[in-house]
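Peer 1: The primary structure of each chain is shown beneath.
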Amino acid sequence: MSARAVAIERGGRAGRAGAVAALAAFAFLATFPAWAPSDVMRLGVEFACLLALAQAWNLLAGYGGMVSLGQQAFIGIGGYTLFALANGLHVNAFLCVPAAGVVCALAAVPISRVVFRLHGGYFAVGTWVVAEIVRLLFANWSALGGGSGQSLTALVGFERSTREALTFWLALALVAASTGGVWWLLRSRLGLALTAIRDGDAVAESQGVDVARTKFVVYVAAAAACGVAGALYFLSALRISPDAAAGMGWIPLLFFAVIVGGIGTIEGPIVGTALYLALRQGLGDYGAWYLIADGAIAIVIMLVAPRGLFGLVAERFGMHLFPVRSIVRLPTPERIEP
Amino acid sequence: MSAGGLLVAQGICAAYGDVQALFDVDFRIEAGERVAIVGANGAGKSTFLATLTGAVRPTRGSVSLDGAVIDRTDAPQRARMGVALVPEGRRLFPSLSVEENLRMGAFARRAGPWTLASVYELFPVLAQRRALPATKLSGGQQQMVAIGRALMANPRLLLCDELSLGLAPVVIKDVYRALARVCDGGQAIVFVEQDVELARRMSDRTYCFLHGRVALEGASQALAREQISAAYFGV
Amino acid sequence: MLNALLQGILLGGLYALFAMGLAVIYGVMRLVNIAHGDLIVLAAYATLSVAALLHAGPFVAIPIVIAGFAVLGYVMQRGLLNRVLGADVLPPLVVTYGLSLVIQNVLLQAYSADARSLDVGGLATASLHVGGGIALGVMPLLVFGVALAVAAVLEYVFGHTRLGMAFRATADDRATVRLLGLDDGGVYAAAAAISFAVVAIAGLFMGIKTTFTPDLGPNFLLYAFEAVVISGLGSFWGTFVGAILLGVAQSIGFAINPGWGILAGHFVFLAVLLWRPTGLFARSAA
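Residue numbers (the working numbering), protein chains in the order written: chain S, 1 to 338; chain W, 1 to 235; chain Y, 1 to 286.
If you're looking for bench data, these hints aren't it; they were derived computationally from the structure.
No experiment lies behind these values; they were computed from the predicted model shown.
All residues carry an ideal CB built from backbone N, CA and C; glycine is no exception.
Everything hinted at is true.
A partial selection of chain Y residues facing chain W, derived with a Cβ cut-off under 7 Å:
hint, residue
1, L180
2, G181
3, D183
Please work from the sequences and hints to get the whole structure.
Peer 2: Encoded structure:
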């Protein structure tokens, strides 16, 4: 082997193209509040929230090896934090959105102590139990509106187009933060640790990875993301209730978006969330049929393409818009040894 | 008895993911023969046994049992065809008693001289402990259970992987004494061993593996110690 | 309060039926079937329809439903679940979650969201007066008795039959079982058949005890799961006791404040998880 150094590449052409396209897209989207219709912006906000949820779940399950069926606990805590702070303590509603993330991160600390006692399928259902506890606690909490919930009275009288604009820009920030955050995280040392954990806890431990701490950090980060997404979602909806906030209705999205889109990739949740919303817009009127299709598709994907749709594409074409893997380029040999 | 021998493996290549473990291994054993496989750790001995039991699919090459190619058969089928393994590390079932572990061997449903009674006759100490959880026994006794379990299948070919691992010398003697009795009955045996002298003494022929290849093969008594050393260490 | 305790114990009988089906599958193949509760609900609806078809009561319909469910379990395991069971935890969770969604919504389409019930006439409200002003329902007593019988049968099958031996060995070491000539896929399928049969029985008694709608499945999954975690993996008697503890917790919680009934059960689950993670009666690590 010659003395020329082995080159380690991060990007590739598709990666650089993706970065340019993303910047252009954001600039374009930021102009929406000036001219786009309200329902389009509302859909955009919803997409941002769902995407953040999907990225968080993907981080947990696809990289951290923790399949959670209980992220709705943090969606609920995030949403109710917004309402409690804005309605109850008259904090600026828009500032409450990032605050909700902080509250959820704090809540995740004791919760992780409980759920980390479980593993695999037990962990999944255990997180679900925790979410149910959260839902029931909110339902029994009359100061927060009890079973029927409450409206965001703090924003009554707030000028509508300003509210929609601020909400939309918050949504853009959330998309940038969640996707960018996950991308940054995976390129960091923590990301390397996660990739090792993905191959197996014991293997990772033997490589010196502090598995417990890594999983804890990921769990808290995912909780914060879900909290922010939840707060933003209910900010846009202007109304919250225990079932909507911490009920099971969030789970089909997570499964669909991440599984179908592609687990263990960053592009996957984007593709999956878009597909999920498209299907819902198209079939939403058919209620039960839409969910049947959801479930059936998830099953088929698991059988046929366990890496999801984008996982298939990435494998086939080696394409990554958000490159997190390092590609080793070996120098060409000067002579072929027999 | 077909001309090809009881079991013939030709050109076996095997890999774990991207790492190749076996390179072009040829192997044969006749009915009633005792064949030893020796080699350092990582030489590919256990991997080779795995290609015989069906646990690992070779990437190239072919295995025949009594002249019939068995490449397409899976592990349970091969067990029912008479290929039995005493696994490295015993792999007894912790939730089962000694007797239940032995009875698990009979799921291969093959006729022959080995029954619970005859296994207890071979290993009387097991009869006294038949109701105990199998993993509560000493290492040597567990090895006996593992051998007994394999015998319960009345195999045509018995594969033993590192029987002496973790056992005291006097226990190893007992185990191999019992194995000798099994061989006297005409059982074809392949055993993988770290102890080269033991392997030479107990076998008719010896193979020496090195880095996934067959480095040496021949009649056990005819091979000189220096030859085996050279093949074992690759000097 | 004594009444609440007794009602809780009897409720535990029903929860034991929920839990034992889950314990069979988890014990043999480490699979948490997310659709477990929905299958219980499906069984209730199936009993409803079969009974209507036969112009008879649920007790006449149930043998058919049990047989049908056993077959369903075998086929589903062989055809679908065996394909996704492996080292990765995600695929079986996704598939069983997908099944859960499909079952719930197919039932919704087929039967609408109206509450249904399995009609057993006077039996549903008959009660025995055991003195001290306490009345125990005949139906809950029957359920408790059936649950005891099921636990006994499962213990016997797992502990003293060749099939049970195969179950335990496969749960210990699937790869070695294959090397002994056993088809591990078939073992799993047999376990699923048994689990589904227990589920059918659970569905029958659930449908008699309460009105049911297509969306109740997840709740039942949680109760079954909590009972299994509280008791730990070991014996079906342990699962039985775990279920009773859950039933008592819920019942006493409900007596204190109706809104807190289910929560009390959740808290007991949390407490066991924090204090004794492997369960109260675990034979070995789960």
